[in-house]
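S.K.: Here is what each chain is made of, one letter per residue.
2 protein chains.
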Amino acid sequence: MKPAIGLTQACELIRTKQLSPNEYLAQCVARADEVEETLKAFTVRARLSDLQDQSGTGPLMGIPVAVKDIIATKDFVTANGSPIYKNFTPSEDAVIVKKIRSLGGLIFGKTVTTEFAWRHPGATTNPWNSAHTPGGSSSGSAAAVASGIVPLALGSQTAGSIIRPASFCGVIGFKASFGAVPREGAHPVSGSLDHIGFFTRSVKDAVLAFNLLRNTEITEDDSIVIPELSIKPISEFLGHSAPRIAVLKTPFDDLLSTEQTNTLKIAEKCLSDSGAKIEELTLPKNYWNGIEALAVLMSCEAAVIHEQHLSQHPELLSTDVIELANKGNAYSASEYIKAKNLQKELRLSIGKYFEDFDAILAAPATGEAPKGLDFTGNPIFCSLWTFIGTPAIALPVNKSSNGLPLGIQLIGNYKEDEKLVSIAAFAEECFKKQN
Amino acid sequence: MKPAIGLTQACELIRTKQLSPNEYLAQCVARADEVEETLKAFTVRARLSDLQDQSGTGPLMGIPVAVKDIIATKDFVTANGSPIYKNFTPSEDAVIVKKIRSLGGLIFGKTVTTEFAWRHPGATTNPWNSAHTPGGSSSGSAAAVASGIVPLALGSQTAGSIIRPASFCGVIGFKASFGAVPREGAHPVSGSLDHIGFFTRSVKDAVLAFNLLRNTEITEDDSIVIPELSIKPISEFLGHSAPRIAVLKTPFDDLLSTEQTNTLKIAEKCLSDSGAKIEELTLPKNYWNGIEALAVLMSCEAAVIHEQHLSQHPELLSTDVIELANKGNAYSASEYIKAKNLQKELRLSIGKYFEDFDAILAAPATGEAPKGLDFTGNPIFCSLWTFIGTPAIALPVNKSSNGLPLGIQLIGNYKEDEKLVSIAAFAEECFKKQN
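Those protein sequence lines, which keep their order, are chains A and B. Read in my numbering, the first sequence has 420 at position 384, and its numbers run on one by one without any break. Read in my numbering, the second sequence has 224 at position 188, and its numbers run on one by one without any break.
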């Protein structure tokens, strides 16, 4: 698979006029034309002539961005992966889409999402083997970046919808600390859990995307402001010479494929060979209660969000969404509040662990992308970190015997995104050396 | 009733050494000794010698502050108005108590609160007539300031627990925008609604207390940062010469006593005579749904907070608290989430009304303090504004035929606390003129 020019490099080449935006856009459209028949990453794409006409100025000048189709765009249907919205064009762009355009970026098209970013899959195939899922719910965004169509795609994660497809497709997936990226104008799954994030082909590119598109002010939408990130040399950044990496043990490690377990060991060895100190991390039981609490928050909030859909268009909803809403409707207010309280408690208490290490190394998924398109994979290895709201980044490491990507995720402390991306860049270098 | 020296003046006299802290403290203790037998504002008081020994330095040097007994103090029992906690001394001060001490202020004593700041009344009597309630839940704090014992008392409001007792006792009660004052270390009634606020004898004093004790950083406890407030001349502040005051009509105005209605008219006339433009405000029905939504949030959150109390010490709880918890336990997660959503929606949408006027004028209570100590009064005229989280301030206006205080409240836009206090200072002057 021929990778197109990545985000940072493309921005730089365009800025210094070594690459014309129109030429770059033409390359991206050509790549899409080449693979889309099988890949099916997009629900709708801009025409090349429209992209070329719209090219603005700014740090994203001429950069085509793929946007998950739960994020509102005023010039494209925003179908939310649901037939209910098949003809729905929002009157306004989502805040993050406005940011992209104001910086000179272009909306290349809308990417396939599972229905309402929940379970029911879309048509996208895995770029490495079309018989396999690309993962979900940000299926098309992960696939579009992995196929070298665009240098940047927006996704969202409510349990494991960025980290998992990034890992299945072999690209970088980055979700910053909860609240750090604007989500106004994205169809919610669950306000307490939804993160907007980025698919790119390098850590550096993910950092650039975050810096340009992050929240720069507090809004009512549970937002926080994380200052611009910079990738720093480990020694300068940490105040100690080598990163300390904690390898997470989970109560469900028996779900890991042999190959995924092996990938974790390879990652561990690469990091260790590069001087990182590796230790093991087990968490007390109340942390793992976070996975059930995530299910409580998600189903309860989804039940309210889908109330109108259920009453007005039940025949257009999958049983997946109906079951989610029914599950949510069965919880009491007390159960919901306790789940919210646990979230606050863990967000605060996780900090003490990060006094002893700099990042957590964990599986991003159970293994390679499952065969078939009906099941986008198990998010369980991501759920706790989405619940807590800590930043996480998926990095590819190697390939399975089937030729599918395998990777890891690194998790940082809440609001310590800069440390996380610095360690992720260090890890990226380590993994490159072993290939 | 002889008023002791107010907060701003006392701070200034002590700073310029015209008043010794020990002398001021002795005056305050003497005043308490004089009235406490009947007033019963305090559950516990510091000894004069202890106060005099502790006197620190800083802008609150030598200033005695009365602290509502749901706010943790490490040197006094913090009983939360409940026999369950009758011997409980916290290991740490609440954040706001730490602030007071770090600025040189002193904890004069703990003031009577209703049980867990809910309905079941304490022993405090109204300083103007001991046969009447002082209001609740911040009963002792309002009474202590009104009696001239202390220049500043801390209270809390979850529905109407600052504005109402302030009005019943004839003092200033100020609750800033939701989240602007630290509440860590206060026993919660309902995290979505609890505000910590101030009782003082002038608007200027309330502003000083806020400026010294407000949140100066965002914490995880739903906090916001409101910069220091200053009372500005209306013409300079508003960009138009006269304040525009909206007189609120509510669906329950028939609950107002004739005297309270008359007090509102007097206030309106005073403001109008001083040049204010008066208009009438009616709000659409979805705003008034906020009152029921407040009851949903409060009961659901209280049910979780009191779960352990109910299981371990049911015999030590009033039926008021048991009923509140039982009510909360009956709500579904969906009902709770809808109440939260309405709160967010109204906090955002109320802003458009404030484009047309600068403050809302409303009743703080149904009328004068009710006779008897069993019922602390109806909070319904405060509930909507506590729910939305807008800043509110109670101002005394006149007296009832029984010689009890009557007043009004002014309400500002969320996060526009400075405009509100400026208009409140203007109104305070207007009301003084008519007396």
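Since the hints were derived computationally from the structure, they do not count as laboratory data. Check before you lean on any hint, since a few could be wrong.
No distinction is drawn between identical chains; accordingly, a pair holds when it is met within one copy or between any pair of copies.
Simulated crosslink set (EDC-like; lysine to aspartate or glutamate; CA at most 16 angstroms straight-line) [to be verified]: (1) K268 - E464; (2) K468 - D309; (3) K469 - E220; (4) K122 - E465; (5) K451 - E253; (6) K451 - E343; (7) K388 - E128; (8) K301 - D356; (9) K374 - D111; (10) K380 - E220; (11) K374 - E343; (12) K380 - D258; (13) K321 - E359; (14) K76 - E264; (15) K135 - D309; (16) K285 - E73; (17) K76 - E220; (18) K376 - E70; (19) K268 - D69; (20) K268 - D290; (21) K301 - E73; (22) K376 - D258.
S.K.: First find the shortest C-alpha distance between K268 and D290 inside one copy, then the shortest across copies, and answer within, between, both or neither for a cut-off of 16 angstroms.
M.R.: neither (36 angstroms within a copy, 66 angstroms between copies)
S.K.: Treating 16 angstroms as the Cα threshold, decide for K301 and E73: within, between, both or neither.
M.R.: Cα proximity of K301 and E73: none, with 37 angstroms in one copy and 74 angstroms across.
S.K.: Between K76 and E264, at a C-alpha cutoff of 16 angstroms, which is it: within one copy, between copies, both, or neither?
M.R.: The answer is neither: 34 angstroms in one copy and 55 angstroms across copies each exceed 16 angstroms.
S.K.: With 16 angstroms as the alpha-carbon cut-off, assign the pair K321 and E359 to within, between, both or neither.
M.R.: neither (28 angstroms within a copy, 33 angstroms between copies)
S.K.: Could you place K268 and E464 in one of the four classes (within, between, both, neither) given a Cα distance threshold of 16 angstroms?
M.R.: within (14 angstroms within a copy, 56 angstroms between copies)
S.K.: Indicate which option fits the pair K76, E220 if close means a Cα-Cα distance not exceeding 16 angstroms: within, between, both or neither.
M.R.: Answer is neither; intra-copy 27 angstroms and inter-copy 51 angstroms both fail.
S.K.: What label fits K376 with E70 when the C-alpha limit is 16 angstroms: within, between, both, or neither?
M.R.: The answer is neither: 46 angstroms in one copy and 48 angstroms across copies each exceed 16 angstroms.
S.K.: At most 16 angstroms between C-alpha atoms: does K468 with D309 qualify within a copy, between copies, both, or neither?
M.R.: Result: close within a single copy only, 13 angstroms intra versus 78 angstroms inter.
S.K.: My question is about K376 and D258: at a cut-off of 16 angstroms on alpha-carbon distance, are they close within one copy, between copies, both, or neither?
M.R.: both (13 angstroms within a copy, 13 angstroms between copies)
S.K.: How would you classify K374 and D111 at a CA-CA limit of 16 angstroms: within, between, both, or neither?
M.R.: The answer is neither: 41 angstroms in one copy and 31 angstroms across copies each exceed 16 angstroms.
S.K.: Checking an output row: K388 and E128, CA cutoff 16 angstroms. Within, between, both or neither?
M.R.: Neither: 42 angstroms inside a copy, 20 angstroms across copies.
S.K.: Is it within a copy, between copies, both, or neither that the alpha carbon of K469 lies no farther than 16 angstroms from that of E220?
M.R.: neither (40 angstroms within a copy, 49 angstroms between copies)
The structure fails hints 3, 4, 6, 7, 8, 9, 13, 14, 15, 16, 17, 18, 19, 20, 21 (numbered hints given earlier, in ascending order).
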